[in-house]
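> This is what each chain is made of:
8 protein chains.
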Amino acid sequence: MNQDRIRKLLSEVKQGGVSVEAAIKELSRLPFIDTESARVDTHRALRQGIPEVIFGLGKTPAQIAEVAAALTEAGQPVLVTRLESGDAKEVQKVVQGGVYDATARILFYGSDSVDIVGKGTIAVVSAGTADSPVAAEAAVVAQRFGNRVERVQDVGVAGIHRLFAAEEILRAARVLIVVAGMEGALPSVVGGMVDKPVIAVPTSIGYGVSLGGLTALFGMLTSCASNVTVVNIDNGFGAAYAATLINRL
Amino acid sequence: MNQDRIRKLLSEVKQGGVSVEAAIKELSRLPFIDTESARVDTHRALRQGIPEVIFGLGKTPAQIAEVAAALTEAGQPVLVTRLESGDAKEVQKVVQGGVYDATARILFYGSDSVDIVGKGTIAVVSAGTADSPVAAEAAVVAQRFGNRVERVQDVGVAGIHRLFAAEEILRAARVLIVVAGMEGALPSVVGGMVDKPVIAVPTSIGYGVSLGGLTALFGMLTSCASNVTVVNIDNGFGAAYAATLINRL
Amino acid sequence: MNQDRIRKLLSEVKQGGVSVEAAIKELSRLPFIDTESARVDTHRALRQGIPEVIFGLGKTPAQIAEVAAALTEAGQPVLVTRLESGDAKEVQKVVQGGVYDATARILFYGSDSVDIVGKGTIAVVSAGTADSPVAAEAAVVAQRFGNRVERVQDVGVAGIHRLFAAEEILRAARVLIVVAGMEGALPSVVGGMVDKPVIAVPTSIGYGVSLGGLTALFGMLTSCASNVTVVNIDNGFGAAYAATLINRL
Amino acid sequence: MNQDRIRKLLSEVKQGGVSVEAAIKELSRLPFIDTESARVDTHRALRQGIPEVIFGLGKTPAQIAEVAAALTEAGQPVLVTRLESGDAKEVQKVVQGGVYDATARILFYGSDSVDIVGKGTIAVVSAGTADSPVAAEAAVVAQRFGNRVERVQDVGVAGIHRLFAAEEILRAARVLIVVAGMEGALPSVVGGMVDKPVIAVPTSIGYGVSLGGLTALFGMLTSCASNVTVVNIDNGFGAAYAATLINRL
Amino acid sequence: MNQDRIRKLLSEVKQGGVSVEAAIKELSRLPFIDTESARVDTHRALRQGIPEVIFGLGKTPAQIAEVAAALTEAGQPVLVTRLESGDAKEVQKVVQGGVYDATARILFYGSDSVDIVGKGTIAVVSAGTADSPVAAEAAVVAQRFGNRVERVQDVGVAGIHRLFAAEEILRAARVLIVVAGMEGALPSVVGGMVDKPVIAVPTSIGYGVSLGGLTALFGMLTSCASNVTVVNIDNGFGAAYAATLINRL
Amino acid sequence: MNQDRIRKLLSEVKQGGVSVEAAIKELSRLPFIDTESARVDTHRALRQGIPEVIFGLGKTPAQIAEVAAALTEAGQPVLVTRLESGDAKEVQKVVQGGVYDATARILFYGSDSVDIVGKGTIAVVSAGTADSPVAAEAAVVAQRFGNRVERVQDVGVAGIHRLFAAEEILRAARVLIVVAGMEGALPSVVGGMVDKPVIAVPTSIGYGVSLGGLTALFGMLTSCASNVTVVNIDNGFGAAYAATLINRL
Amino acid sequence: MNQDRIRKLLSEVKQGGVSVEAAIKELSRLPFIDTESARVDTHRALRQGIPEVIFGLGKTPAQIAEVAAALTEAGQPVLVTRLESGDAKEVQKVVQGGVYDATARILFYGSDSVDIVGKGTIAVVSAGTADSPVAAEAAVVAQRFGNRVERVQDVGVAGIHRLFAAEEILRAARVLIVVAGMEGALPSVVGGMVDKPVIAVPTSIGYGVSLGGLTALFGMLTSCASNVTVVNIDNGFGAAYAATLINRL
Amino acid sequence: MNQDRIRKLLSEVKQGGVSVEAAIKELSRLPFIDTESARVDTHRALRQGIPEVIFGLGKTPAQIAEVAAALTEAGQPVLVTRLESGDAKEVQKVVQGGVYDATARILFYGSDSVDIVGKGTIAVVSAGTADSPVAAEAAVVAQRFGNRVERVQDVGVAGIHRLFAAEEILRAARVLIVVAGMEGALPSVVGGMVDKPVIAVPTSIGYGVSLGGLTALFGMLTSCASNVTVVNIDNGFGAAYAATLINRL
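So the sequence lines, in the order shown, correspond to chains A, B, C, D, E, F, G and H. Be aware that the first sequence starts at 60, since it is given in the numbering used here, and climbs by one per residue. Be aware that the second sequence starts at 60, since it is given in the numbering used here, and climbs by one per residue. Be aware that the third sequence starts at 60, since it is given in the numbering used here, and climbs by one per residue. Be aware that the fourth sequence starts at 60, since it is given in the numbering used here, and climbs by one per residue. Be aware that the fifth sequence starts at 60, since it is given in the numbering used here, and climbs by one per residue. Be aware that the sixth sequence starts at 60, since it is given in the numbering used here, and climbs by one per residue. Be aware that the seventh sequence starts at 60, since it is given in the numbering used here, and climbs by one per residue. Be aware that the eighth sequence starts at 60, since it is given in the numbering used here, and climbs by one per residue.
Bound conformation, chain A alone (with noise of 0.2 Å):
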């Protein structure tokens, strides 16, 4: 339920069209819905202008299908992420239609085109092919959720003539996601060619003392150039989520 179904509703019990007792069952709905297994935030779509996102990892077919039920019924458009193919496949039975996404991982319900209603154009670099999968989720979050996304791909530090070779994209864009494994350095890079937000997202991809992304993750942190922030490893949604807010200013 969206802001404008709001206040559509508001108006039509000021001009008589729904009673304030219809009205106030229509609200009451509002803050969240309770089902068996969960307690759906739909009010976070009111505060925050972004529909809820089920997050797929650790939750059963079941569960996520139950969420995914509510919220549709709600007339909310829906977002799992973090979902093998198969338990979409599980979910798809019980919830039919939805598009999966098998490189982001990712399964939606809504309207197959989004309005765009970020400013201007955030950028989605990335340094191996092993970090496809994060900066898939990133890239189809960002997509989902009114954005313009370009992508960069495969553009490492130890190659860095790569990089440059992007550098107009880069310089284009309004917020930038930077992704990368091993040793995270590509953000602080990236960060000092640009004068824009860079959301860094370290990846688990790596062996040895990556230690499963802390490595890149810690990497970013130290970064020597200061318009770098991050989020936790392989938080691909959460780097598309805080991208929109701010594409959104």
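The hints are simulated quantities; they were obtained by calculation from the structure and are not laboratory data. Values in this document were obtained by computation on a predicted structure and should not be read as measured data. A few of these clues could be false.
Stated by the list, open to error - Straight-line C-alpha distance at most 30 Å; calculated BS3-like pairs for lysine-lysine:
1. G:K152 to E:K178
2. B:K178 to A:K178
3. C:K178 to D:K178
4. F:K178 to H:K178
Start from chain A and add chains B, C, D, E, F, G and H according to the hints.
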């Protein structure tokens, strides 16, 4: 390009051998200035629209003074962070003038009033008395970078009514910086209350398993509020820097 | 004292050679029962008024069944925690009967209804859907140990109005168990809302720097709410055990 | 401000002795008092029945004195923990009076004798001489919060007959606080001896792999005694706080 | 090849029964045997009086069989540790015979009975059912190395009367191996009960902050009982090896 | 520059429109090739004289085949590391031919014999049987990069006479790669025996506090032999790469 | 049993009311002596044949002197470890006499010569100059506990011929204590050279990833020499204690 | 004592100028010299062609002076690293002469000019002002070991044009030492720019999650540039040592 070349260029301008326009063009391409111990990146002010800031931690007063003098000569404002009061006095002996803020541990040179170039307000929210120095650093830097700043302090999550009393200020901000030590839960709660980007700053305040700020940092990175991005422990400066770029969008 | 001695004692009671009173006295001094692979501490039920519980993790169904049989023979109720459903079926093949709760992963033998010996209500509060198994373990164990239990679920701190909607239940409880993964901030907020002891249970739910629950654990230990004490990651059982003792005071 | 004072105020309003305006003014001071650097939560005394305590670590004597003065003016008792003797003297220069306990590192203001509101005895058990400051903090705080306290000290597990000599005291307690550094094994053994809640406090005492108390903390969290819950390293105050709430049940 | 065989060989040389050339050839096989993938240290039996043991973890059955065959050919007994039952069967297909102990995960070749060369008894004490495999490894290895072994099991510190029931066995031992997971407190308590060397073996049993055995390990290393030394997590073999050398003194 | 341009260029050479010299010049400036999912750095072969190597871990066979095909088409040799045998077969279905080394887990395409361009011999020394895969990776890569390679294996420090038997080979090498797991002591001892650079490779082999290779890594970094530098855990490839560059000096 | 009872008993012996035999029996059951701040375990001398040792770290000189006086009065020798020279002087002011060893940081009271009760020699081997204090602690304690001690120092593994020069001493020892910091490889090499128990002592000497001794500790625990057991970082005392018990077997 | 001196000695023996007895005595001093507290490895100069270096950290001035005197007497040059200026003065009081470099914290004795034996230039590249001491240590040691050294400083990756300005120097070097703190990204970028071996030195400079250099270290070890090997945190000496051996090849 070294100081001799700058000196020569400025002499030629003075004597009419080089036009003002030509000199501006020449100077705008200035990549950096080599001092005895550092290569000062005066270019960054051009690239990112924010002047070079000297990070005081681990530098001797002499090294700081050397860079500060180079910047002052180049007509740039100077901002030194993480500078203890004794060291600030040493620097001020060499580079006269400047204002020192003891809570924020910041020394700056330049005009007292700063042109406001940020479009909205940056709220700086902090949890406990002990987090004050980091919050003050963020607030002073944000103000020096041309932003309106609002402070909300001592609003820890265990007495959550204190936070709610400041809800209006939080909602009015365009960007929020939330500073917290211990379990670092404040950004999650604030993040859930607003629909704007929140930059979380963990502090090293605490004991036992606060682990010098690691617990607050990790808590912020795993925040269930998706509009939260994070900077390094005690990095009030970095939060202000990123918030400044966002506030200029 | 081994099984032979118990068998002999019970035979003598049956045959009248030993009075019931004498047998009770004898049995109450029973320190433990030696099975093939374990020394079962039946004495603990006497010392702490709570029956022996079998921790299923890392034990084979055969080992569990052996102990369960010994306890059942001794006339004691049996509670097996951390038991996957497949293993539960194996145990139930050997020791017939029993009820298995799939969410809580608990198998118990004994009367369906339990005498309420706890003086008040234990509230079991959890943050996210994924924390359900641990919260369920705490709730089922607390109920089996003779407490009235109230569940409040899916009340994460980033949508704090959901938590406030349950304030009445929280304030009515005599002891609270608060279960949370990720940043583990929920116990701090709940702790600030009530004047009763809060036992916090971190869960291993999360990814990246949630570090298998360490971040939630450390966040809870550094909580700014002073009425919070903490148990090991995922230890819903331990929280219920301690809450039970407190609720009997 | 305690509940009695609020009740009295409201009675006076009812009987006309206090005007509604005056009462509103009085009550409006209730939730918190803003001092220059802190928002003092005088409301907490109302919410939890325990006065605000000032955590001295990381605060300057001036900051502490400011809060202490505000509380004293509000007619509340004051308890400052983690205060080194030199700093205590500084505080006492500003806020005259007060008693300083050097072992417990606690400064308090208020009546010498405290009304006993705890229903039973809190036993404070410690393992080694070096754990004394933390045990003393727990004991003094518990006593100031209105509990009868029994101390048992220097009863490490490697000379376990020393512990057994105190068995009677342990069994008589309604709640137990067990303080230990090094391997932190004492709470397990004590926990197995009693049927009451045990709050374990790891201390930072030790060297090498005691890791500043982490080993003791982790040992306590993995205790095989299920009646043990744990607080942060060196957090004698928190243990006393939670024990106080339990002892009032 | 043991010292007796060397002595016999040299005697035969002296008496002319073996030519110098033949003896050189024989002895030249002494220091080690090169197989395709390993350099087998048959010399160690000579240096330390204990035969080469094959550590099975991370080796393929083929690699193990290759070394086992080489040792068998050299007339030496063979002991393979950390060998899962499936792999054991694979090895036994190649090197016929051998006895496999499923609990201890040990496969050995050689005479069924072993000459007792240890002067006293080695007690192997373990805390919980789940520690059995490590304790069994220690016991079987110690027995195969020629020691009398006494087992005491399931004597955790939270039910300490169970441990005291075994005091006589503990005091009678010449060396003690104490195996424990979780908080690893058992060696401290046992260490305080005896005046003999105690070798502590942490196990990887546990969950949450047991950290795969690190907490038990660190607890044992910080034991307040000074007669405790420690080996690596799950290293029942190493404990038995060291105990064997001590028991031969 | 994309494949179309290369195709066009080569056609023009074939048809005489572009001279061989001009084409070489053109091609030598080739920065990289964009495939669907990766930006292949063919330039590196020119910059460092060593062909692009595909790191197989975390890539799908399809992704690997895509890059391998691009390189093969560009007339470059291909070397894929960390490739399990099943995946190798998948790749070989797409890009026919190639040789797979199962111990080293390496698949390569190109001529069977490699021109020796290294000036001396690289010794690859390993401690235990279980370190073989990493040592084999180092040896095969070094050989494919044009070096003479000598293998010394199974020479752990606890049987140090085995190592001394290989002293001549060690001293004859121009660069040494020393591979070890567990405590990682071998590079220190080897480092002390030679006056040449030693590259230490920790392996993830071990259990308990070997911590997946961290202990070996840290041991090597704190080596008391100053001629030792270190690469990431299990990084046999990196060691061979650096050794190759050194051996070409 | 408190001091008054001891005083009374001794008076009765003096006056003939209690026979010497009866008094010995009485005193031998003395569990411990309560001083103001500690419960001194004089019983341990009887249980383990080794007198109580005062661990100086973290105790004030006053606390140490109190216990030392109690032990001296009880006619027991006193050994204080980890005592800085300034504190030693403070203790000696209160308890006159005593000998202070500055390298070993040990103060002891009692007869200059100690009866040799150990059956063989304990070798104390150390790697670097910086490890001397810990090695000295081990050597002095072992000597005071009645053992013959041989010192071998500065025999790091990177110059292994230095170690071999001491082979005879190593082989002649009945027990070996090996002290090393940095990578902690020395015990592995020594362990491979002898067939006796080796007790390894990691030291906190080092920088960077020596991690305050953790790397040495972990290296020793993962030693490939199976006759090595380990004590806590810098715990020369514990090594000497365990070695003493072994040397008495 | 270097190989020339040994050769000369042996020639004199051959020619009769030195008696066999005298030569034996001379040579017997070769392997090491025992001073009171250290066994000085003068042999190493022979084995590796680089004189013994005294690591000053953790040694007293007296211990350093003792070894320095022994080396000076043996006619060897002396190099003491990690020596604070106050301690250097103490050493120079005992062993007169010597040159102290305050930035590099190095004291050396020997001829002012050193014969250049390295075949090319060693570039020492550093990221920030604060990394200067470690870079200076590497540069001074490399110079004293007979190498031509080029310094490039203050070229952090966030202002990457500064680094590119030095590209010519980087490409001209035969070996590169790259020193960086914080995220440690510099070696990756430099490594990608050259085809020579790069030795990375992490520094302990930084705060928060720089973790005393661990983040820089791990970043370097996971570098995507394959020509990078790494030494311990702050180990400028080790880097120079290895670079020297490489530069002599």
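> If a hint holds in the structure, say so; if it doesn't, say that too.
Results for each hint:
1. At roughly 48 Å between alpha-carbon atoms, K152 of chain G and K178 of chain E are farther apart than 30 Å, so this suggested pair is violated.
2. Restraint check for K178 of chain B and K178 of chain A: satisfied, since their Cα atoms lie roughly 15 Å apart, inside the 30 Å limit.
3. Taken as a hint, the K178 of chain C and K178 of chain D pair is honoured in the structure, with Cα atoms around 15 Å apart against an allowance of 30 Å.
4. Straight-line distance between C-alpha atoms of K178 of chain F and K178 of chain H comes to about 15 Å, which keeps the hinted pair within the 30 Å bound.
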